[in-house]
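Protein chains in written order, with our numbering: chain A, 7 to 229; chain B, 2 to 397; chain C, 3 to 337.
Treat the hints as calculated values from the structure; they're not laboratory data.
Hints are not guaranteed to be accurate.
[Said to hold, decoys possible] Footprint (simulated), chain B over chain A, 3 or more residues, beta carbon under 8 Å: (1) 38-44; (2) 48-57; (3) 66-78; (4) 137-143.
[Stated by the list, open to error] Computed cross-link-like contacts, DSS-like style, restricted to lysine-lysine with a CA-CA straight-line distance of at most 27 Å: (5) Lys327(B) <-> Lys136(A); (6) Lys317(C) <-> Lys232(B); (7) Lys68(B) <-> Lys103(B).
As the structure is a prediction and not an experimental result, all values here were calculated from the model.
By construction, the Cβ of each residue, glycine as well, lies at the ideal position given by its N, Cα and C atoms.
The residues making up each chain are set out below.
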Amino acid sequence: MTSSPSEAVNGEAEAADAGTDADTETAAPEPHPLQGYADDVATAVGGEGAVVFDTVKVEVDSGDWVSALTTARDEMGLISFSWLSATDWSSEVEVGDPYPEAVEDRIELLATVADISEGRRVTFSTTLTKDSPTISSLVGVYAGANWHEREAHEMFGIDFEGHPNLAHLYLPDSFVGNPLRKSFPLLTREVKPWPGTVDVEAMPGGGDDEETADAPSEENPEA
Amino acid sequence: MVVDRDLVRHLSESSVSVELQTEEMTLNIGPQHPSTHGVLRLVARVDGERAFDVQPVIGYMHRGYEKLSEVRTYPQITTLINRIDWVAGYANEIPFVVAAEKLLGLEVPERAQYIRLILTEMARISSHLIFMASYPLELGAATPLFFALRERERVLDLLEGVTGGRFHPNFNRIGGVKPAYGSGSSTRKVIQDLPAGFLAETREAMDRVLEAVEELELLVADNEIILARTKGIGVLPVDVAASYGVSGPNLRASGVPFDLRKVEDYLPYHLFDFEIPTGENGDCWDRWYVRLLEIRQSVRIIQQAIDGIPSGPLQAKVPKIIKVPKGETYVRAENPKGEMGYYLVSNGNQGPYRLKIRSASFSNISILPWILEGVLVPDIIAIMGSLDFVLGDVDR
Amino acid sequence: MSTFISDLFANFWVSLAGKVLLVALMIPLVGMVIGYAEMKLSAKMQARVGPYFAGGRWGWAQLIADGVKFFQKEDLIPEEADRPVFKIAPVLVLISTVALLVVIPFGPGIIFRDLSVGIFYALAISSLSTVGILIAGWSSGNKYSLMGGLRAAGQLIAYELPLVLAVVGSVMMAGTMSMGGIVEAQIEAGYPYVIIQFIGFGIFMIAALAELSRIPFDMPIAESELVMGYLTEYSGFRFLFFFLAEFANMFSLSAIAATLFLGGYWLPGIPEDVLAYAGPVILLAKTFLLVFAMIWFRWTFPRFREDQLQSLAWKWLIPLALANIIITGALKVYL
């Protein structure tokens, strides 16, 4: 990427950042309508609750994982198992600029459960070490966790203790590696770099000439 | 002592006399099989016509969209994700762009929201129509297929007229729908909106869809053999369904009036008047009939949306290169197949840091080992078909 | 000259050869006509056009093209198959349909062989095709084929009984088992037996559908469950044999039903001497009416489940057929 458009890009992104920051700041005095619910859940399961972008997220200790979700199911009425997955926070990046943050050596395990009456949903999160991510299985609490844990096992290498059958779900049995870890290379990208950031799709109003990129043409004249 | 347990179960369920010695065999259904909707494989132990230990084997269509999303920019991802559930490609895009817009703090213009809503409901109609057409075919009745597909084609033609694609529209942009201007410096800048006559033709198509649904109900709902094949077969209790994460029409067929269109705000459904049809017994028949009723509700929504569609821009102001600010959110939507959601983690870059795709069919068919335990071989097909899954939606 | 020809046909061997040739031509012809009718009728019922291009008009040559195609296909025999049995199965199925035609009276005296136990022979021969299907399923070395073959066997046992019992009513009324005799008895009585034997007629048609493995009783094939059932491993002309046998069997069983219940080659009000010429046409018309009904069912109904078929046969059709026999007997004695 050449320097001048990249600066322009950063400028725009900062502008967008500023916009959302301003929004959240103005909203800050009034707590999010879901904040009370997040606190209730957090108190019940013994974790920390927050509302991020309308998503109730409760962080619990990895040791409390099963007990927290059991409580959520039995006491909070969150009986529907939506999904379970993980995020590898190693901060390696393949599109755009590198992240400013240092590498975080952790895997965040996420599980979303919901009710089937009022539309409440809570995303539970816990932190696992990257070297030996191990946690108790949720299969006994939510039967649907079975396949999701198999998926997380093969994609992130997380071991779920007590899972009845941690076999590969998608990949062939002979497959080695955990594809969704950031350290797993996407081989086609190694061979041929994705045009990705260079060949971005022109958005409305933005001419695709690079000289005009910093011109105020990003505005939608029709708007 | 596995054999003894099986023998006891076999005897209790098929009431064959003790003297009759039977031999079990392993039946491998799929990955290439006429009624596995693609490349699903089931491994079952069968004793005569009765199947035990049915284990689905998936992954034949795994395309790694979650990994691919990490190396693509936001606008490029919509191209991928409308291939998840290709029967309702348009509906897949919505939760993703809404998630990105949520992180960006974008207000989507009202007209764009209405267009999204109309097209989503059209995708739902086309998805339900193909299910309602193909399900009798799985039971051996070929004729309803043609009555439903004829009207589905009409709906798809309209979708194609707007988006340019029957199955893979790729019509949503972050901040709205398709750019209001032709792109490229050499291209003449032309204001684009819905094609002329689209709304009127949609209204007409909706009337035809209602007629087709009427016809289908006559053809299928009054057919004694279909009722005999589906009533009381594959009953799915609510608590089991919930713990497996079964959602959408499959859950509603079990009698739960729960629809994400009513409780989530990804599209302005609260402006419209519609009901949530539910089933009574949670059997195959209810799963078919609930979808029929849902088509009628979708038509209602579309008719109201056409009446109330505001004018205005189709696109919010967005920067040329979209960098989504740091944050994470989960946005879920009521897809034709059930709950479709994206957990989007952004680190302030041009592409997502992590995109977890929660697809409806994946959870819906994870119940197969439970629901297919000890059923007859013909019922495997009847139950599997009634769950209405698409392999692209299972494997992602 | 004409005496030479009649002398020639009086010779046993020449007349036998002539009859064999006639039957051999009739099977593919009937198969093609019914196959084409099925394509066109199903298209009509499904708002389609159906065959259109082959032959230039209405796609009339579609079945010929299909036949030629089947002969061009590679004749695959699976590695696991029991080869001699695999090869003999389609022949067996086809032979049983050919043999069925022998006892059908096409007009007064126009019959290949009027056996005194005609209907008995017909029912016995028609179940032979199910044996062919069973060994086809068994010998293919394929689990789907095996299940299809076993389902066919189950169906045979369940439906042979109602089929036979349904016929008994007509036989009792006519007092003969000869097919020609049954038609003559109907002419004598002045009405087709369906008027009294409507239960028997219904049961016969249902059981005939099950015997033919056609929807709603096509569980031995059940393409959404068993891929193609006992036909899974067959290709080329062996598949064509099954294909032809199905259509020819439809024809034969419909012709038997027409003979037993609808008066065969006879229509009320048509004089005896005209019947000699019009007989075959009348019988064909009645037969194709029944064939049409079978095609109609095929494209209207889904298929039963195997256990539902069994309970339909044992719990409903057989008791009904027995009751029918008792009522017929009572009528015969007291009227």
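Hint by hint, here is what the structure shows:
{"no.": "1", "hint": "38-44", "result": "violated (count 0)"}
{"no.": "2", "hint": "48-57", "result": "violated (count 0)"}
{"no.": "3", "hint": "66-78", "result": "violated (count 0)"}
{"no.": "4", "hint": "137-143", "result": "violated (count 0)"}
{"no.": "5", "hint": "Lys327(B) <-> Lys136(A)", "result": "22 Å, holds"}
{"no.": "6", "hint": "Lys317(C) <-> Lys232(B)", "result": "20 Å, holds"}
{"no.": "7", "hint": "Lys68(B) <-> Lys103(B)", "result": "22 Å, holds"}
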